[in-house]
Amino acid sequence: MRGGPRRHRRPRRRRSDLQHPHHRSALRTGRRAAAGHRRCPVAAPPPRRAHPRPHPGGGRMNPQHPSDLVTAGLAVLAAVLTTVWAGAQLSALLTSAQPLPVGVADVAAAAARLPGAVGDPAAAWPPHVRVLLGPAVLYWTCTLLAAAAMATAAATLLRLGLPQVGVGPRTRLGVDTRARLASPAELAPLIVRRPTPGRLTLGTVHGRLVATEDRHHSPARGRRARRRQGDRTSVIVIGPTRCGKTANTVTGILEWDGPAILSSVKTDLLAATIDRRRELGEVRVFDPTAATGHPSAHWSPLRAAHTAVGAQKAARALVDAGPKTGAENLAFFQAMAQQLLWPVLYTAALGRATMHDVVNWLLVADRPTDTSPGEIAPLLDYHTVDPDPNVRADARLARAAIEAIWQLDERTRGGTYATAHTLLLPWQDPTVLNHAQQQDITLEWLLEGSNTLYLCGPTHEQRRLASVFGGLLGDLFQQAYEHASRTNRPLPSTLVVLDEAGNTPAAWLPHVASTCAGIGLLLVTIWQSKAQIDHAYRTLADSVVTNHGTKIIFAGVSDRSTLDYAAALIGDEELQQRSVTADAHPLNGHGPRSISHTATTAKLLPADLLRRIAPGQGLLIHGTLPPAHLHARPYYQVRRPAYPHASNMGMSRGRSG
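Counting along the sequence shown from 1, when you hit position 23 you're at 1461 in my numbering, and nothing is skipped either side.
Treat the hints with caution; some may be incorrect.
[Unchecked claim] Now the in silico label distances, taken between C-beta atoms and shown as ranges:
#, residue 1, residue 2, range
1, 1618, 1575, 38 to 46 Å
2, 1551, 2053, 29 to 37 Å
3, 2077, 1669, 51 to 59 Å
4, 1733, 1925, 26 to 34 Å
5, 1669, 1556, 40 to 48 Å
6, 1579, 1680, 55 to 63 Å
7, 1618, 1551, 44 to 52 Å
8, 1716, 1880, 18 to 26 Å
9, 1566, 2033, 45 to 53 Å
10, 1655, 1618, 29 to 37 Å
FYI, nobody ran anything at the bench for these hints, they're computed from the structure. Cβ atoms here follow ideal geometry from the backbone N, Cα and C, with glycine treated the same way.
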């Protein structure tokens, strides 16, 4: 140690202290005061900005004011002490039938000692009251009941104490106006415990299996469920390619135990379901291009053309399956082609001719000329004097209808024949023509049991074969309506699935979608987007979607038409936005503050959210129920025991989009 008096050194300031604006200001002030200058006031920092804080939602939260923390701490302490006191009082009343004579200090001391006296809670209390508390099991049971009551009361107070901003709960037309996702209770009409006859499984919501409705075979239980229950309705599924919409539908097909008509451009659907469907009944595959490798069944437009009415319906089915846009005056020439086709079909059916003859008659524009009577006219003339009055009347009607076409000017007659050629173009293919020589596809066969008809064709052939597939489906629908009208009762529950329906749009779809459920048909159409429906049906597009009472929109949709339509059906929700404005105190930085609450609205499900939800999930909109978050059940992820009688199923493991 060095000698001499020790020098007093000024303590050294940390650099961080000197850098703080308050410290620098105080240092300057001190120096000026030491030099004899007048003390300068310390400049207060600027007030803090107001930070809007939406509630609920994201956003950065402001720091809590110290007074809020103190208040919250006191509230928690009071709740704990009240719970301890109430539990002990209840235990004492049940044990000794008298209240516990303790004060606040005793309760606080007991609360502090209870964590160390779990096995003997009475030891935490003063000695003179321990005998009143009873056994430990009773004590803790009473304390848990008191805690539950306290939590319920606190939640109620918090809910009632929140600022009421904006529009409160409203009821209009008996419905809560607030947009929200459906709860399990609200989905009661759709929830099933297991696959149910007559109801197509759609997926899961809140972990529960949901299916289409069927009021007759599966009435709802409970007053609330009965009040919101609908009935069987068509189903529309919208989703981009490879989103899992077909794989989810395959699961429903595997769990369906009634008759089924399954139309798909993908062999995945047939491969995944044909073994299961063979267990239930007979299976026939209509594959006019031999694309699947399965023996094909046969169908011809001449099936019902033995009467004038039947021929007119057959011609109408072909026209409805034809193109909707293209040539100028298309609607006019399609109407004229229908008037030409039905007498030709009637003549062929009456004269035991085939579709080969029908195609030839149209190709050569068969009609009487100066050099030849043709083939159609003599056949009709022969039957105009038939002994059967019905045949005689139909033949005369057909002769008059086709005579009107023959009398048209050459240009109009040529356009009419050209349009008819377009509709019958597929039957100029020898392979397709060979599958029209017989007739073994009828509704009567389908309903004999749980039989199945597959309609299959490659994707690139769908446009060319549109009149074949559309004509066959139109014929089956026509038979279904006639059956229901004749028997005055609906058909057995029959599933009709049109996968990739946009590839073969038919004019009968708006009408069939709105009425087929009433005759026992459950129609499911699968599309890639609503824009596809808009293009196919134009002004009737909204009618097509509306008449499907159950709508499923899968993840990944990105076309604006689908997103806007879904957002319009779902609606907006009201949010509460909280704004906090605080002024900084010159010394501690915490000054007075003000809080304001305002109401704002936002889309319940923004458009980008529908695109970004996880693959295999989607939005379910059914009837009058709130929308629901649907989880798909791809057939390759569902356990086999979920399918009745599925012990011998050989399902393909490939994915279907």
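Status of the hints after comparison with the structure:
Under the hint 38 to 46 Å, the C-beta atoms of residue 1618 and residue 1575, about 42 Å apart, fit the expected range. About 56 Å separates the C-beta atoms of residue 1551 and residue 2053, a value inconsistent with the hinted range of 29 to 37 Å. Taking the beta carbon of each, residue 2077 and residue 1669 are about 30 Å apart, not inside 51 to 59 Å as hinted. In this structure the supplied range 26 to 34 Å holds for residue 1733 paired with residue 1925, their Cβ-Cβ distance being about 32 Å.
Between residue 1669 and residue 1556 the C-beta distance comes to about 58 Å, which lies outside the given range of 40 to 48 Å. Between residue 1579 and residue 1680, the C-beta spacing of about 56 Å keeps the proposed range 55 to 63 Å intact. The beta-carbon spacing between residue 1618 and residue 1551, approximately 47 Å, falls within the hinted interval of 44 to 52 Å. In this structure the supplied range 18 to 26 Å holds for residue 1716 paired with residue 1880, their Cβ-Cβ distance being about 20 Å.
At about 48 Å, the CB distance of residue 1566 to residue 2033 agrees with the hint of 45 to 53 Å. The hint said 29 to 37 Å for the Cβ distance between residue 1655 and residue 1618, and at roughly 30 Å that hint holds.
Comparing the model with each numbered hint stated earlier shows that hints 2, 3 and 5 do not hold.
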